[in-house]
Each structure stands twice: as C-alpha cells, then as structure tokens.
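Engineer: So the protein sequences, as listed, match chains A and B.
Residue numbers are given in the working numbering: position 3 of the first sequence equals residue 3, and the series is strictly consecutive.
Take any residue in the second sequence, count from 1 to its spot, add 1000: that is its number in the working numbering.
For the record, the hints were derived by calculation from the structure and aren't laboratory data.
Watch out, some of these pointers could steer you wrong.
Result set (BS3-like, lysine-lysine): computed pairs, CA atoms no more than 27 angstroms apart in a straight line [what the hints assert, rightly or not]: (1) A:K72 to B:K1057; (2) A:K102 to A:K133; (3) B:K1015 to A:K98; (4) A:K10 to A:K72; (5) A:K276 to A:K229; (6) B:K1060 to A:K235; (7) A:K46 to A:K72; (8) A:K293 to A:K309; (9) A:K87 to B:K1052; (10) A:K252 to A:K158; (11) A:K319 to A:K231; (12) A:K332 to A:K319; (13) A:K158 to A:K129; (14) B:K1052 to A:K98; (15) B:K1050 to A:K429; (16) B:K1060 to B:K1015; (17) B:K1060 to A:K229; (18) A:K276 to A:K354; (19) A:K305 to A:K293; (20) A:K332 to A:K291; (21) A:K229 to B:K1052; (22) A:K47 to A:K129; (23) B:K1057 to A:K10; (24) B:K1050 to A:K10; (25) A:K229 to A:K329; (26) A:K429 to A:K137; (27) A:K158 to A:K354; (28) A:K137 to A:K158; (29) A:K81 to A:K353; (30) A:K46 to B:K1056; (31) B:K1060 to B:K1050; (32) A:K319 to A:K329; (33) B:K1015 to B:K1052.
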Amino acid sequence: MEISRRQFIKSAAAQSAVTAAAVLFPGISFGAWKTLDSSSGSIEWKKTPCRFCGTGCGLLVGVSGDRAVAVKGDPNCTVNKGLCCVKGYHSVQILYGKDRVKEALVRKNGKLVEVPIQEALDLIAEKMKETIKSHGKDAVAIYGSGQWSIADGYAASKLFKGCIGTNNVEANARLCMASAVTGFLTSFGLDEPMGCYDDMDHADVFVTWGNNMAEMHPVLFSRMLANRKSKGHVKIIDFATRTTRTSQAADKSILFRPQTDLAVANAICYEIIRNKWVNWDFVTKHVSFHKGKTNIGYGTEDHFKFQDKAETVDFEQYKAFLEDYTPEKVEKMSGVSARDIKYLAALYGDPDKKVTSFWCMGMNQHTRGTWINNLVYNIHLLTGKISTPGNSPFSLTGQPSACGTVREVGTLTHKLPHGVVMNEGARGKHRSQAHLPYRRDVPGPGQRGYPFYVGAGDQPHGHDAQFDQVPGGRRKGRALHGGVRNISHPYL
Amino acid sequence: MPVFSYLAYPVPGSKEELLNDLTALDYCEATPADNQEILILVTDTPDENKEKELQKKLKKLKSLESLGMTFGHTDG
C-alpha cells in the first residue's frame, strides 16, 4: 500500500481528533472514520517506547521501506494498553520535520554551518581543554534534563565528576520536581514515588489536585475513565484553581483560591480525625508525627537561615494543630464550601472506598510545594490508604527520566548514583561503578540553580556547547543537552 | 499546505446541519460521532491564503458553536 506524506499527515490529524474526543467522551465512536488500511502487509509494525513525556507509553511504528509512515498505541503495553495521545501520534511526523537538526552545527563568522559530528566533538573537546587550562576545572559545566536517558546521565556524570573532577553537572529536574523529591524525603525518608499505574484499575475514587490530567496526562486519564465506565460507581473529583477539560469530565469540580489547598488538606485531616476515620491499625504500625520547620522565609531571601527546628510531636499535638483548620474556617480562606470539604473528607475517610490522589506540577511547582506534598500524604497516611491496590498518593511526572537519570544516576551538582558528592563512601562507589582507575572526584558540590549559570552569555540553545568570555563571569564553558533553555528558563 | 484537525461542537440540535455545512465547504472532511453531539473536522488547504479564507467561512457557520483544535501542521 502506498501512503503519501500528505495522506499520512491527514491520518495523524484525524487520529488526534479522535483521541481528544475519546478523552472527553469515553466510549465515543466514529463509524464513518476511514482508517489507513494496513492489511496489504506492506507496513511492518515495530515496537518502541514514546519518549515525549514521563508516562511511558508503548508505541507501534509502521515502517514502509526505509520510512516510518504510521504510528499507534501498543495494545500489549501495560501502561497505555493501546491508547495514544496527540504527542504520540506526532512522534513519527516529527522525524521528518523540516526544522529538525540532523547535522552538527557550528557557528562560523556569526552563522551556524553544518559540520561533521567528529569536527564538532573535537571542537568541544579542544575548547574544554583550553578553558580548564586557563580557568580551572570548575570553569566548565554540563546541563541536562529528565529527557536524558540513563546511559546519557551515566556518561555525563562519569566524564565531569569522575574524569574532569568537577561537580558542575546539573539538570532541569531540580526545578521541575524539587518539591516532589523533598516531599518524598520528608514524608517517607526516601526519594521514590508512591503508587503505580495499576491503582487506576482498582480505585473507587480519584481526586486530582491542581492537575489537568485530561489534557496533560490524557492516556492515564483515559484509564481512569475506563475504570469509571466499567464499574459504574467510580467517582472523579477535580480539585483545582480553574475549570479545565478534567473538570468537565469529572463527577464533581471543586475550585479553590490559589495557595489555599494546604488549608483544605489540613481541614480534610481535621474531619478525618473528628469523625474517627483514622485507620489506627495502620497509623500505630507505620506513622510517626513530626512538626516541620514553618519559618522558611520567602525563597529568595538573602543569607536566609532557619531559626526553628523540626521536632517530634504526638498525635494529640497534631490534633490540636488542626483546630485552626475546621471546614468552616477554611471555607473563608479557600472559597471551598465546608460542605465540599466534608464531602472530600468523607471520600478519603470511608474505609470501603479505595482512593487515589493524583497531582503533578500544580503541587510540585507550588510556592509551598514540599508542604502540600506532605499534607496530601498526611491524608493517605491517616486513613491507611497507601501502597495497597487502588490506594495511593500519586505524584505524576512530566519527563521520561527525571527520577531515573537525574535523581538516581545523580546528574545534579550534589548527587552521585548512590548518595551525595560530600560523602567519601558514595564517591568511592561511583569510582567503582564507573570503572574509574584514578581518583579525581571532589567533595564540594557544584553550584546550583542561578549561580550555575553565572558567567553565561545570552541566547543559549538546546544541545549546544557554549564557551563564553564574559568579564567577571565564573562559568566559562558549558554544554547543554536535552533542553531548550532560552525557552524553558529565559531568565537564567 | 496547512493541515488541521478539530473537535467541532454543533449548536445544540444542529449536528446534521453542521455536518452538511462542513461537507459543503472545500478542503473540509467532517466525520460525525455515532453516539455524541460532536464531529471531527480535518482541513487540508493548499496554501495560507486559502486557509485564512476557510477560517472566515467556518466562523460564519450558524450551525457551529465552537471548534477545538487537536492537530496542526504547516509545511512552511
């Protein structure tokens, strides 16, 4: 079967519309829709993962000759079960985009010109050697992302931390998932997500916290809708600051004033305790109560130092703390009616209902992100609705390997594959894992966040190597991979 | 040569009329849902000018309540 490029694009366009419709209207059918007929056997379907986001969908790519001509969700993939979102449907089309960079580009006389990849790599190596010789090894850095594969991150960490001897390896996941990580660490002591996708097949109630899953995680949202459709009693509650397609598909939409979700979470816990819905079997075995630091400044305060300390408390002290968060008091702060707060609490508190909470960047890029993560965990811990099928507080991610490559491989200035750079044992383990015959690693973490960029020139671009000569600047050379920083971090 | 796809929402009760209106327009392929009041629309215009003309015609359709774009591609 011959398929022209035009036909393929139109087919992808129609598939995108059908997918969007299926998200909004589960069970919708388009009997008159003409699909591409692959029955001639001229298309060979190849398995591949979709690399566009953190969901982890499996795709089948139709290959005809030497060209990818079609794509569909892999029905055997346990993540997406044959579903696909518009990004997946574009994943083949993007291969043939006119603006796709296919060759190395080097700026010569002010213009980017194509050069063989070997020439570009030699240039980078030469510039790095010059920079290190002139300004020291901490004058070079590499910046990556959660789009890096684990192998990419391993190589970057080995090269910079193990071979060159600088910890200037950083990634955008520090900004993206920081609150999720600190939430995991402060609630559970370990940087690992709770829950798994199978929870979507078992839950009776889904609460989306500031999370427009219908558009941002459409494949997973479709699985929620499928669960609701098959069981009949399943409820989806959208708890958000604005009305979205998720709100439209939910059984109930509850809007709150920005920042007041923390108060609502506390009010839910207040109601759970007041109504004696605490799962004491679980709490006694698995939960300890602590009061965190509350005077945490405003984030960019100069020379900020914590004045208060985290301390262990008991259940009664926690209960007393929640007295400030009665549904009636929180209604005034949040705009969420006391009745709706009690409704949410009753869903979480019902021992016969399995509840999964979903969130993503609404909570993880919150100005009080660690706290709101902690508070939603509190709800699940009080009711024991955690780590059993259908019961999960579930932080979704946006990038394929923010956890794997960045946090576990350690492509952050302070991290190693196991532990932190300050720890000699962790550095020794990295040397061993990376088969480094010499010892060049250093204990001091590289600079993080804004200072990482100090010394940079303007107009950076993704997948670039840059060697700046900025008077007074600290960083002289930097390689960027897997991010388009002039778009994602324009002020840095 | 722009290609776009949309979810086309008819004015309540006007699904058939919208299907007829869209089918009558050049460069449009409309497919109605069997069980919902919605259509999918794929447009395939030869150039930017024709695309702009089509957009104007779509906006004038009385049977059309709204369009939600789901896909966009231009060769230019």
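Engineer: Next step is simple, just say for each hint if it's right about the structure.
Structural biologist: Right, here's what the structure says about each hint:
1. A:K72 to B:K1057: Not OK: A:K72 and B:K1057 at ~33 angstroms, beyond 27 angstroms, violated.
2. A:K102 to A:K133: It is violated: about 32 angstroms lies between the C-alpha atoms, which goes past 27 angstroms.
3. B:K1015 to A:K98: violated (38 angstroms)
4. A:K10 to A:K72: holds (14 angstroms)
5. A:K276 to A:K229: violated (32 angstroms)
6. B:K1060 to A:K235: Outside the cut-off at roughly 39 angstroms; violated.
7. A:K46 to A:K72: The hint holds at about 10 angstroms.
8. A:K293 to A:K309: holds (6 angstroms)
9. A:K87 to B:K1052: holds (26 angstroms)
10. A:K252 to A:K158: Violated, at roughly 50 angstroms.
11. A:K319 to A:K231: At roughly 36 angstroms apart (the allowed maximum being 27 angstroms), A:K231 and A:K319 break the hint.
12. A:K332 to A:K319: Distance ~21 angstroms between A:K332 and A:K319 Cα, so the pair holds.
13. A:K158 to A:K129: holds (17 angstroms)
14. B:K1052 to A:K98: The given pair, whose Cα atoms are some 23 angstroms apart, holds under the 27 angstroms limit.
15. B:K1050 to A:K429: violated (64 angstroms)
16. B:K1060 to B:K1015: holds (16 angstroms)
17. B:K1060 to A:K229: violated (37 angstroms)
18. A:K276 to A:K354: holds (18 angstroms)
19. A:K305 to A:K293: holds (11 angstroms)
20. A:K332 to A:K291: holds (25 angstroms)
21. A:K229 to B:K1052: Violated, because 41 angstroms separates the two Cα atoms, which is more than 27 angstroms.
22. A:K47 to A:K129: At roughly 41 angstroms apart (the allowed maximum being 27 angstroms), A:K129 and A:K47 break the hint.
23. B:K1057 to A:K10: holds (21 angstroms)
24. B:K1050 to A:K10: holds (17 angstroms)
25. A:K229 to A:K329: violated (37 angstroms)
26. A:K429 to A:K137: Within the cut-off at roughly 22 angstroms; holds.
27. A:K158 to A:K354: Judged against 27 angstroms, a Cα distance of about 44 angstroms means the pair is violated.
28. A:K137 to A:K158: Holds: A:K137 and A:K158 sit about 14 angstroms apart, inside 27 angstroms.
29. A:K81 to A:K353: Roughly 25 angstroms between the alpha carbons, so the hint for A:K81 and A:K353 holds.
30. A:K46 to B:K1056: It is violated: about 42 angstroms lies between the C-alpha atoms, which goes past 27 angstroms.
31. B:K1060 to B:K1050: Cα-Cα ~16 angstroms, so holds.
32. A:K319 to A:K329: holds (16 angstroms)
33. B:K1015 to B:K1052: Given pair B:K1015, B:K1052 holds - Cα atoms ~24 angstroms apart, limit 27 angstroms.
Comparing the model with each numbered hint stated earlier shows that hints 1, 2, 3, 5, 6, 10, 11, 15, 17, 21, 22, 25, 27 and 30 do not hold.
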